[in-house]
Amino acid sequence: MGKVKKLSANQRMGEILQSYYLEGLKGGMNSWITSGGPVEFLYAMDIYPVYPENHGALMGAAKVGPKFASIAEKEGFSQDLCSYARSDIGSAIAGDSPVGGLPKPNFLFSCNNICNTVVKWYQVLSRMFKVPHFLLDTPFVRKELKESHIDYVESQLYDLIEFLEKITGNEFDESRFSRILMSSIEGINAYREVLQMGRHKPSPLTCFDGFINMAPIVCLRGTEAPIGFYKEMRKELEERVKNGVGAVDDEEIRLLWDNIPIWYRLRGLSEFFSDHNACLVADTYTNAWTDFGELSSSDPIRGIAEAYAPIYLNIGLERMAEIVNRLIDTYGVDGVVIHSNRSCKPYSFGQYEIQKMIDIPSVVIEADMTDSRVFSEAQVQTRLEAFMEMLRS
Amino acid sequence: MEKIGYFCTFTPKELIRAAGFTPVRILAGDRRINLANAHIQSYCCSQVKGCLENLLTGNLDIEGAVFTRSCDSLMRLTDIWEMNSKMEVYDLEFPTKIDENSRGYLMKELYDFKNWLEKLSGEEISLDDLKGSIDLYDELEEILGKIYSIKPDYELILKAETQDVEEVIEEGKKRLEELENSKNPQARVLVTGSVCPFLEVYELIESVGFTIVDDLCTGTRFFRSDAQKPRMEKMEDAMFFLIDKYFLKAPCPTKEYGRDRRFNYLLERAEEADGVIFLLLKFCEPHFFDYSQLKNELGNRGKRTLLLELEFPIASYEQQRTRLEAFHEMVVG
Chain C
1 MGKVKKLSAN QRMGEILQSY YLEGLKGGMN SWITSGGPVE FLYAMDIYPV
51 YPENHGALMG AAKVGPKFAS IAEKEGFSQD LCSYARSDIG SAIAGDSPVG
101 GLPKPNFLFS CNNICNTVVK WYQVLSRMFK VPHFLLDTPF VRKELKESHI
151 DYVESQLYDL IEFLEKITGN EFDESRFSRI LMSSIEGINA YREVLQMGRH
201 KPSPLTCFDG FINMAPIVCL RGTEAPIGFY KEMRKELEER VKNGVGAVDD
251 EEIRLLWDNI PIWYRLRGLS EFFSDHNACL VADTYTNAWT DFGELSSSDP
301 IRGIAEAYAP IYLNIGLERM AEIVNRLIDT YGVDGVVIHS NRSCKPYSFG
351 QYEIQKMIDI PSVVIEADMT DSRVFSEAQV QTRLEAFMEM LRS
Chain U
1 MEKIGYFCTF TPKELIRAAG FTPVRILAGD RRINLANAHI QSYCCSQVKG
51 CLENLLTGNL DIEGAVFTRS CDSLMRLTDI WEMNSKMEVY DLEFPTKIDE
101 NSRGYLMKEL YDFKNWLEKL SGEEISLDDL KGSIDLYDEL EEILGKIYSI
151 KPDYELILKA ETQDVEEVIE EGKKRLEELE NSKNPQARVL VTGSVCPFLE
201 VYELIESVGF TIVDDLCTGT RFFRSDAQKP RMEKMEDAMF FLIDKYFLKA
251 PCPTKEYGRD RRFNYLLERA EEADGVIFLL LKFCEPHFFD YSQLKNELGN
301 RGKRTLLLEL EFPIASYEQQ RTRLEAFHEM VVG
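Read top to bottom, the protein sequences are chains C and U. Here the working numbering is used: the first residue of the first sequence is 1, the next is one more, and so on. Here the working numbering is used: the first residue of the second sequence is 1, the next is one more, and so on.
Think of the hints as simulated: they come from the structure by calculation, not from any bench. Small disclaimer: the values here were computed from a predicted structure and weren't measured. Accuracy of the hints is not assured; some may be wrong.
Claimed, not checked - Straight-line C-alpha distance at most 35 Å; calculated DSBU-like pairs for lysine-lysine:
{"hint": "1", "chain 1": "U", "residue 1": "114", "chain 2": "U", "residue 2": "146"}
{"hint": "2", "chain 1": "C", "residue 1": "143", "chain 2": "U", "residue 2": "245"}
{"hint": "3", "chain 1": "U", "residue 1": "119", "chain 2": "C", "residue 2": "143"}
{"hint": "4", "chain 1": "C", "residue 1": "146", "chain 2": "U", "residue 2": "146"}
{"hint": "5", "chain 1": "U", "residue 1": "108", "chain 2": "C", "residue 2": "143"}
{"hint": "6", "chain 1": "C", "residue 1": "166", "chain 2": "U", "residue 2": "108"}
{"hint": "7", "chain 1": "U", "residue 1": "146", "chain 2": "C", "residue 2": "6"}
{"hint": "8", "chain 1": "U", "residue 1": "159", "chain 2": "C", "residue 2": "143"}
{"hint": "9", "chain 1": "U", "residue 1": "234", "chain 2": "C", "residue 2": "130"}
{"hint": "10", "chain 1": "C", "residue 1": "356", "chain 2": "U", "residue 2": "119"}
{"hint": "11", "chain 1": "U", "residue 1": "131", "chain 2": "U", "residue 2": "229"}
{"hint": "12", "chain 1": "C", "residue 1": "143", "chain 2": "U", "residue 2": "282"}
{"hint": "13", "chain 1": "U", "residue 1": "295", "chain 2": "C", "residue 2": "146"}
{"hint": "14", "chain 1": "U", "residue 1": "249", "chain 2": "C", "residue 2": "146"}
{"hint": "15", "chain 1": "U", "residue 1": "295", "chain 2": "C", "residue 2": "67"}
{"hint": "16", "chain 1": "C", "residue 1": "143", "chain 2": "U", "residue 2": "131"}
{"hint": "17", "chain 1": "C", "residue 1": "356", "chain 2": "U", "residue 2": "282"}
{"hint": "18", "chain 1": "C", "residue 1": "146", "chain 2": "U", "residue 2": "3"}
{"hint": "19", "chain 1": "C", "residue 1": "356", "chain 2": "U", "residue 2": "114"}
{"hint": "20", "chain 1": "U", "residue 1": "249", "chain 2": "C", "residue 2": "130"}
{"hint": "21", "chain 1": "U", "residue 1": "295", "chain 2": "C", "residue 2": "74"}
{"hint": "22", "chain 1": "C", "residue 1": "146", "chain 2": "C", "residue 2": "74"}
Said to hold, decoys possible - Computed list of chain C residues with no C-beta within reach of chain U, every gap over 10 Å:
{"hint": "23", "residue": "152"}
{"hint": "24", "residue": "182"}
{"hint": "25", "residue": "318"}
Claimed, not checked - Residues from chain C that keep clear of chain U, each with C-beta distances beyond 10 Å, as calculated:
{"hint": "26", "residue": "112"}
{"hint": "27", "residue": "142"}
{"hint": "28", "residue": "350"}
{"hint": "29", "residue": "382"}
All C-beta atoms in this analysis are idealised placements derived from N, C-alpha and C, irrespective of residue type, glycine included.
Extracted from the complex, chain C is given alone in its bound form (with noise of 0.2 Å):
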């Protein structure tokens, strides 16, 4: 087996996630988030974000995945439903996970700029914990972002602080929020600087380390850890590059992953590439980040409806294969590996598409993000290895 070089940027992402989650015990008032949701307007006031999907990736990654989601197949929910969703009642209904269960709500906030599964998601939890539940509904912008979709997306943001200010008792602050949206972009530039260090031959990083370095962009963007994080995570990848060192010993083929990561097989996947000398470069899940920073306005509020509404998951598919076929030609890569995550249906459907419309091969492998119960070590292994047969030949 070949050995996977560990960043120590890792150890560092440890201490602030578990700073983080500390950070949720102290009691204050708090709202369950989707990971497309604006964030910047629950640091603004004051609000401490607690993400179920980080949770689930978490126990994905601890493995108890399967453990957690019967819990919640036992009281009704059905195997075939998201194993985020799954995994996370099953843990809000045992009051237990690898961190102890995540803090009781004070309301919800979802965004169905991500899938419209959320929606159904966040309704089940906010009869579960008698909590009031806000939706921003984002339209899928399949085509063209029409003025509609913006003024639409705007207006409930203004129904949103509205919402927050009566559930706080505090006032909107519009300086303050504009500074942590100016730190929100200013940590997706240094995050975005970070997965650009894959451009290099050989390649600093693997896709593994993005994914396991992706949470201070995600739970903490607008807040000043993921700006210092990513500004040293791109030190350490420098200092690679300076000294010729690649994530993969003796890179040979260059990789794109498609979807959520497979959080339970991160290890084996990436030992699996690595002895293939083969390395993820790039991905579309952690460059989906990306997309928040663009802020066409200079009302911030219209520049976050803007950049909120047309991200990867929300758009059609033709602008989706234009995404994958630019990571190709930005990162060099030589085939795209996809993952048909059962979990997540808008980003699953239509990859049989994408793929005649990308130009380099690729490989689809059937699995789950943390459900391991549906995952075929042999038949994912068989593909891997004929793909990366094709690749050498």
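Starting from the structure of chain C, add chain U where the hints point.
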């Protein structure tokens, strides 16, 4: 008349007909899924796969298809559909959130949709066209409402979904008359779920001794709305009415309503029945997310429930029959 296909009951079919097209609902067929498997994964529901199969096997005689993002699967089907057919494809982005704010947004979406239809037909939709279409559907829905308050007629709904509204009104009148002369003293069961165009399922439920109270997308949710038709003097009035009509439609689990309207509606409907059957399509997220809490709440209210999980085309009814018979015994016993 040329036909325009649609999938979701939030599609304003009144506008389609006002533009001179017959709106026809696209549903799964009898065929086993084969060609669609090359375009969408196995963990997609068989309604979406079945519709795609109908497209790929050349079984649809329509000029265009209209999508709404009622769930993630339909959302992705839009592009897959467009890429694998020559017909016009349109996505009307009906809001997921039903509130005052989304009304203004839907108004713009409806005008955009009207423009698209006009381009397709080459003719402008006049106020009279739209009013005429609204009136026809109003008449049909009133008849369907009366029929369903006595006993669901799924065959008639299927016709209403796939044939011209005028023909169906005439047939509905006849059927209503026949029905008013028959009385039904059987145990009543609320059947809730998404779509099911296979009449055998309902025949089966009735054959074990139930009278159905309906909450299906290919049933009550196709026609029931609490909106009142106002005087419509300008196009905007008619559009306002359409917004009202679809906002006040029998609530659907794909939407976010304030005050848990969908749940409360269903619990209230269950009061009319002795038991509840969840007729759910495998992989249907909107319904399956609600299932656990609804089942528990119904149990708290003393209602027995049965889950029938379907995949189209339905391979065998016999296993379901045994379960239904046992359930009937429990409900009446």
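Here is how each hint holds up against the structure:
Restraint check for residue 114(U) and residue 146(U): the C-alpha separation of about 31 Å stays at or below 35 Å, so the hint holds. Taken as a hint, the residue 143(C) and residue 245(U) pair is honoured in the structure, with Cα atoms around 28 Å apart against an allowance of 35 Å. With a CA separation close to 18 Å, the supplied pair residue 119(U) and residue 143(C) stays within the 35 Å bound. With a CA separation close to 41 Å, the supplied pair residue 146(C) and residue 146(U) exceeds the 35 Å bound.
At most 35 Å may separate the alpha-carbon atoms for a hinted pair to count; residue 108(U) and residue 143(C) meet this at roughly 16 Å. The hinted pair formed by residue 166(C) and residue 108(U) meets the criterion: a straight-line CA distance of about 30 Å does not exceed 35 Å. Of the pairs offered as hints, the one joining residue 146(U) and residue 6(C) is violated, with about 69 Å between alpha carbons and a cut-off of 35 Å exceeded. For the hint pairing residue 159(U) with residue 143(C), the CA-to-CA distance comes to about 33 Å; that is within 35 Å, so the pair holds.
Using a Cα cut-off of 35 Å, the hinted pair residue 234(U) and residue 130(C) is violated, with the two alpha carbons roughly 44 Å apart. Taken as a hint, the residue 356(C) and residue 119(U) pair is honoured in the structure, with Cα atoms around 31 Å apart against an allowance of 35 Å. Restraint check: the Cα-Cα separation between residue 131(U) and residue 229(U) comes to about 10 Å, which is no more than 35 Å; the hinted pair holds. Annotation: proposed proximity of residue 143(C) to residue 282(U) holds, straight-line Cα distance about 30 Å (limit 35 Å).
Of the supplied pair hints, the one linking residue 295(U) and residue 146(C) is violated, its CA atoms being roughly 41 Å apart against a limit of 35 Å. For the suggested pair residue 249(U) and residue 146(C), the alpha carbons sit about 27 Å apart, so the restraint of at most 35 Å is met. With a C-alpha separation of about 23 Å, the suggested pair residue 295(U) and residue 67(C) falls inside the 35 Å cut-off, and the hint holds. This hinted pair checks out: residue 143(C) and residue 131(U) have alpha carbons roughly 31 Å apart, not beyond 35 Å.
Proposed proximity of residue 356(C) and residue 282(U) is supported: the alpha carbons are some 28 Å apart, at most 35 Å. A distance of roughly 27 Å separates the Cα atoms of residue 146(C) and residue 3(U); the hinted pair therefore holds under the 35 Å criterion. Note on residue 356(C) and residue 114(U): the hinted pairing holds, with a Cα-Cα distance of about 33 Å set against a maximum of 35 Å. Only pairs whose Cα atoms come within 35 Å are accepted, and residue 249(U) paired with residue 130(C) is accepted, the gap being roughly 26 Å.
Proposed proximity of residue 295(U) and residue 74(C) is supported: the alpha carbons are some 13 Å apart, at most 35 Å. A hinted pair counts as satisfied when its Cα atoms are at most 35 Å apart, and residue 146(C) with residue 74(C) does not qualify at roughly 44 Å. The beta carbon of residue 152(C) sits about 4 Å from the closest Cβ of chain U, which is not more than 10 Å, so the claim that it is off the interface is violated. Every CB of chain U is more than 10 Å from the CB of residue 182(C) (nearest about 28 Å), matching its label as outside the interface.
At roughly 7 Å, the least C-beta separation between residue 318(C) and chain U is not larger than 10 Å, which violates its mark as non-interface. At roughly 6 Å from the closest C-beta of chain U, the C-beta of residue 112(C) falls inside 10 Å, breaking its exclusion from the interface. Look at residue 142(C): its CB is around 5 Å from the nearest CB on chain U, not clear of 10 Å, so calling it non-interface is violated. A beta-carbon of chain U comes within 10 Å of the beta-carbon of residue 350(C); the shortest separation is about 5 Å.
No Cβ of chain U comes within 10 Å of the Cβ of residue 382(C); the nearest lies about 18 Å off, and the non-interface call holds.
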